[in-house]
Every structure is written in structure tokens, then in C-alpha cells.
Amino acid sequence: GDSVTQMEGPVTLSEEAFLTINCTYTATGYPSLFWYVQYPGEGLQLLLKATKADDKGSNKGFEATYRKETTSFHLEKGSVQVSDSAVYFCALSERVKDTGRRALTFGSGTRLQVQP
Amino acid sequence: DSGVTQTPKHLITATGQRVTLRCSPRSGDLSVYWYQQSLDQGLQFLIQYYNGEERAKGNILERFSAQQFPDLHSELNLSSLELGDSALYFCASSLGQVTGELFFGEGSRLTVL
Numbered sequence: 034g035d036s037v038t039q040m041e042g043p044v045t046l047s048e049e050a051f052l053t054i055n056c057t058y059t060a061t062g063y064p065s066l067f068w069y070v071q072y073p074g075e076g077l078q079l080l081l082k083a084t085k086a087d088d089k090g091s092n093k094g095f096e097a098t099y100r101k102e103t104t105s106f107h108l109e110k111g112s113v114q115v116s117d118s119a120v121y122f123c124a125l126s127e128r129v130k131d132t133g134r135r136a137l138t139f140g141s142g143t144r145l146q147v148q149p
Numbered sequence: 008d009s010g011v012t013q014t015p016k017h018l019i020t021a022t023g024q025r026v027t028l029r030c031s032p033r034s035g036d037l038s039v040y041w042y043q044q045s046l047d048q049g050l051q052f053l054i055q056y057y058n059g060e061e062r063a064k065g066n067i068l069e070r071f072s073a074q075q076f077p078d079l080h081s082e083l084n085l086s087s088l089e090l091g092d093s094a095l096y097f098c099a100s101s102l103g104q105v106t107g108e109l110f111f112g113e114g115s116r117l118t119v120l
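Those protein sequences? They're chains A and B, same order as listed. Quick note: to get this note's numbering, add 33 to the position in the first sequence (first position is 1). Quick note: to get this note's numbering, add 7 to the position in the second sequence (first position is 1).
If you're looking for bench data, these hints aren't it; they were derived computationally from the structure. Do not rely on the hints blindly, as some may be mistaken.
What the hints assert, rightly or not - Computed, partial: chain A to chain B, Cβ under 8 angstroms:
| hint | residue |
| --- | --- |
| 1 | 75 |
| 2 | 76 |
| 3 | 77 |
| 4 | 78 |
| 5 | 122 |
| 6 | 136 |
| 7 | 137 |
| 8 | 138 |
| 9 | 139 |
| 10 | 141 |
| 11 | 142 |
| 12 | 145 |
Said to hold, decoys possible - Sample of chain B residues with no beta-carbon within 10 angstroms of chain A, all distances over it, derived:
| hint | residue |
| --- | --- |
| 13 | 9 |
| 14 | 58 |
| 15 | 87 |
| 16 | 89 |
| 17 | 109 |
Keep in mind it's a predicted model, so treat the numbers as computed, not measured. The beta carbon of each residue, even a glycine, is placed where N, CA and C say it ideally should be.
So that you can see chain B by itself, here it is in the shape it has in the complex (with noise of 0.2 angstroms):
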């Protein structure tokens, strides 16, 4: 156990709909970081905050958007959705900016259909 917690494990939602992925991350730790791996694409690295400020960004697409609770907790929405959103999405959590050691959450499985 990593620790690091997400939810829902499963998702399955229409075409155009909206979700929100939760994440609670590791006791501590203060960097959340979201990741989407699809089949295809692999491990694409999507966006990380830190201590409620957005310290990165990778190749997250303008129909998604994340933020970081004062309690430290994450939230990623999804809107807009399309069939090509269907992956698995992570949180990982690591105690600070430094990154290298990542602690995954056991990871979203999003369905759109």
C-alpha cells in the first residue's frame, strides 16, 4: 500500500459527459502529480502542484484542469469527454518539488462510451 489514494477505481461515462478523479495523497507529502497511461499513448505525464500551487505542466488538454486543496488533497476533472479520454489515470504524491521517488495510487480506470 503506497499509501496515496484515488477514486472512483472505476468510471464509465457517456461521450460530452463530465467527471472529477480524486486523489489523497500520501501522509506529508505536499507535491500531487497526475499521470494518464493509455494503451497507445503510454505514461504521459499530465500536470503537478504543489502545496496548493500548479508547479508543472505536461500534456494535459484544455478540456481537463486539476487543482490542489488546502488540505492537500487533488482533484483532476475531465469535461468534454471523448472516446480517446478511456485510460487509466494515476495520482502519485512525493514530499516535495524534488521529484524521483513517486508514490502511485493504485490508479482511475475511466470508460467513455
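Looking at chain A on its own, in the form it has when it is part of the complex (with noise of 0.2 angstroms):
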């Protein structure tokens, strides 16, 4: 089935320091791929999302290219900052024919901890 591996964390940084996470996934279609955001104490949000092979996803200065080649959706960040500190996921979204996608399958996440 899907499957999602994601680098294990906490991933410590100091502000302005460049960021990635890695993601590679398993599936037997074509995913759409997606990073979401939790940050303490409140549910998961939608951080960018990637539809098709070489689509980059952007937000908030985060970025992350779908790469069909190496299977990966690594998220980076140029200069991180402290209110960046959370656990993100890397998610999956595969299409079967009968419902158009199932749901989404999510890594395990990977916190970030950004230090002043």
C-alpha cells in the first residue's frame, strides 16, 4: 500500500538557518503530495501541496518540488524562523477509480525546533 517515510526529528536549528525535511513515498499511481503544519496545541493545516510530477509548492517561504524520478517531496525553508517551529507532516493522495482519491496518507512527522 501507500506509504510515506519521513526524516526522523526533532530537527534543532538556529533562526535563519536553512531548512529541509526529507519525504519520499510509496505508491502504485500518481500521488499528489502535500506538507501540513501542526503547530502545539492545534490540528494540522495545509502548509503546500504538489499535483503532478515537477510541480513546486510554495508557501510562507516554504517549498517542496515533486519528484517523480527519486520517489521524494523534501520541504525546505531559505531562513527559518522561531514562530517556524512545529511538527510537519508529508502526506500522500492517491487516485482509485471508484471514489477519485483515497485519504490521505501522512508520515510520521518531524518537529522543528528553532532556537533565537
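Two independent chains are provided; combine them into the complex using the hints.
Written out as C-alpha cells, the structure is:
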């Protein structure tokens, strides 16, 4: 079945450092890929998405490129802020014939801690 | 604020008991999803409803059941509770059946003692 693998956390960075959180996936078809973010005490919220190969999703300074050849969707940000401290989840949604798409399959999450 | 409302926010109960978690989706959303988040299992998809009908099932135990009512709110029933059921239960909603951009509630934290 579908699966998503993320790098283990926590990732601890100083403010203004460059961020990469690795995400790779396994899917039988052509999934759409997502990054969700969970701030402390809150539910998940969509950060960015990409629906086909070579698409780049971007939002709030974060970017991720859908790489079909390496089955990856790594999250990057050039300069992190303390307010970016959160748990980041990579997810995929694969198309199936009967219902359109399956519900999202999430990775295990990567906690990011940004220190001032 | 995502527009998805979950109650209760916190719940403490004993093993063997039964609880009901409630979710009101965003206005206009027809799909409701339930997820379980625990420290060792991550975020696990339980079940999806669309306009009152079950559409997809994930890793939901037989002790758990859910339904979506005509007003589109949903309830997740957890029975014969075990210590391992302690987790954060999230509800999410989306406009249609096509998933991707889900709007999550703040979750219901269940503690089984």
C-alpha cells in the first residue's frame, strides 16, 4: 500500500538557518503530495501541495518539488524563524477509480525546533 | 480557525468504558474524516464519510464505529476502551470526496486509565 517516510526529528536549528526535511513516498499510481504543519496545541493545516511530477508547491517561504524519479517531496525553507517551530507532516493522496482519491496517508511527522 | 469543531477537547475515562467524540465540519463541507494520533503510531486514518455514507475505511478497530448524520456532523464511538486507545483523535473535513486539502479540528484528547 501507499506509504510516506520522513526523516526522524527533532530537527533543531538556529534562526535564519536553512531547513530541509526529507520525505519519500511509495505509491502504485500518481499521487498528489502535501505538506501539513501542526503548531503546538492545534490541528494540522495545509502548508503546500503539488499534484503532478515536477510541480513546485510553495507557501510562507516554504517550498517542495514533486520528484517522481526519486519519489521524493522534500520541504525546504531558506531562513527559518522561531515561529516556524512545529511538527511537519508529509502526506500523499492517490487516485483510485471508484471514489476519486483515497484519504490522505501521512508520514510520522518531523518536529522542528528553531532557537533564537 | 479551521471551522471544524470537535468536542470534547479532553476526556478521561477508565478501561472498558465507552465514549463518543463529536465533530462538526466546516460549513458546506460534505466529507468528514477521522484520524488517530498517538506517539508510537503517528497519524492513522480511521474512516471517511461523504454526505452520510461511509466512503473509505482505514485502520479502524471493530470496537470503534462512526456515523455521519443528515446535518453532516459526525460521531466517533469508541467502546471497550483499552489503555492503548489513549490518543488524540482528529476530525477533518473537505468539500467533496476528492481529498487533499483537509481542514482539521483541534482534536479530542482521550486518556484511558
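- Message: A cut-off of 10 angstroms on Cβ-Cβ distance, and residue 58(B) was said to be off the interface with chain A. Does that hold?
- Response: Check passes; 12 angstroms lies beyond 10 angstroms.
- Message: Using Cβ atoms and 10 angstroms as the threshold, tell me whether residue 89(B) really stays out of contact range of chain A.
- Response: holds (22 angstroms)
- Query: Close enough to count: is the Cβ of residue 137(A) nearer than 8 angstroms to one in chain B?
  - Reply: holds (6 angstroms)
- Query: Does residue 78(A) pass the interface check with chain B, least Cβ-Cβ distance below 8 angstroms?
  - Reply: holds (7 angstroms)
- Message: Over 10 angstroms from every CB of chain A: does residue 9(B) meet that, or does the non-interface label fail?
- Response: Given that some Cβ of chain A is not farther than 10 angstroms from that of residue 9(B), nearest at about 6 angstroms, it is violated.
- Message: Using Cβ atoms and 10 angstroms as the threshold, tell me whether residue 87(B) really stays out of contact range of chain A.
- Response: holds (25 angstroms)
- Message: Tell me if the interface restraint on residue 138(A) is satisfied: Cβ within less than 8 angstroms of some Cβ in chain B.
- Response: Holds: closest Cβ of chain B sits about 7 angstroms from residue 138(A), inside 8 angstroms.
- Item | Cut-off 8 angstroms, beta-carbon criterion: hint that residue 142(A) touches chain B | holds (6 angstroms)
- Task: With a cut-off of 8 angstroms on the beta carbons, see whether residue 136(A) makes it to chain B.
- Result: holds (5 angstroms)
- Task: With chain B as the partner, please determine if residue 139(A) meets the hint condition of a C-beta pair closer than 8 angstroms.
- Result: Check passed: Cβ of residue 139(A) comes within 4 angstroms of chain B, closer than 8 angstroms.
- Item | Per-residue hint verdict: residue 122(A), partner chain B, C-beta under 8 angstroms | Interface hint status for residue 122(A): holds (7 angstroms vs cutoff 8 angstroms).
- When the nearest CB of chain B is found for residue 145(A), is that gap smaller than 8 angstroms? violated (16 angstroms)
Going through the hint list in order, the structure does not satisfy hints 12, 13 and 17.
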